[in-house]
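S.K.: Listed below, chain by chain, are the residues.
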Amino acid sequence: DAGITQSPRHKVTETGTPVTLRCHQTENHRYMYWYRQDPGHGLRLIHYSYGVKDTDKGEVSDGYSVSRSKTEDFLLTLESATSSQTSVYFCASRRSETQYFGPGTRLLVL
Amino acid sequence: QQQVKQSPQSLIVQKGGISIINCAYENTAFDYFPWYQQFPGKGPALLIAIRPDVSEKKEGRFTISFNKSAKQFSLHIMDSQPGDSATYFCAASRDSNYQLIWGAGTKLIIKP
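Protein sequence lines, in the order shown, are assigned to chains A and B.
Here the numbering used here is used: position 14 in the first sequence is 14, and no number is missing along the way.
For the numbering used here, add 1000 to where a residue sits in the second sequence, where the first one is 1.
Treat each hint with caution, since some may be false.
Said to hold, decoys possible - Capping the alpha-carbon separation at 30 Å, the derived lysine-lysine pairs in DSSO-like fashion look like this: (1) B:K1015 <-> A:K57; (2) A:K53 <-> B:K1107; (3) A:K70 <-> A:K53; (4) B:K1042 <-> A:K70; (5) B:K1015 <-> A:K11; (6) A:K53 <-> A:K11.
To be clear, the hints were calculated from the coordinates, so they are not data collected in a lab.
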């Protein structure tokens, strides 16, 4: 977890509202990732970034968008939250082959 | 072809015993195989990793065994301790992009 923070750590929201999760890293890593973790599915990649303003989709990107305006910050936005997006969201950054994860954000969509 | 299948889903082992978690993959282009350990309320952290040029890698009580022909790899935890209780994830990727494909995870409980 060292050097990577996520905010908020917990959030409850209502269906149809936009939600933005923030990931901040102090390691100056070029690559950053957003995952969701659900029981029985492991970690599934939502979006990733390979540099400032350079992002690409992962396997479960529908309903999510990302932005990276600075090396240290990677934002994940749920454009219109749905109950199926209730999950634990993890951000990671990568140096060489190793991914370093933040502590996660637990999101509940009612 | 992109899947990594992990088993068992959960595992209970007595203190001092050997914990074994297995993973299988299909994509022969994968050439990096890490194991991550996750404690409750925390993000996963790299535990140990292997590349296909070796059949085994050991770090302390943790060993990865790799069988390239069978497309399988496994994590062995020797002398398992209660502090090893965690969820373990295997993963695989290609050196070209290190985009990890994850197994579903194994919840390991070590009974004192």
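S.K.: Now look at each hint and say whether the structure bears it out.
M.R.: Quick rundown of the hints versus the structure:
1. B:K1015 <-> A:K57: violated (43 Å)
2. A:K53 <-> B:K1107: Given that 30 Å is the threshold and the Cα spacing comes to 37 Å, the pair is violated.
3. A:K70 <-> A:K53: Cα-Cα ~8 Å, so holds.
4. B:K1042 <-> A:K70: Holds: B:K1042 and A:K70 sit about 25 Å apart, inside 30 Å.
5. B:K1015 <-> A:K11: With Cα atoms ~37 Å apart, B:K1015 and A:K11 exceed 30 Å; violated.
6. A:K53 <-> A:K11: holds (26 Å)
In this structure, the hints that do not hold are numbers 1, 2 and 5, in rising order.
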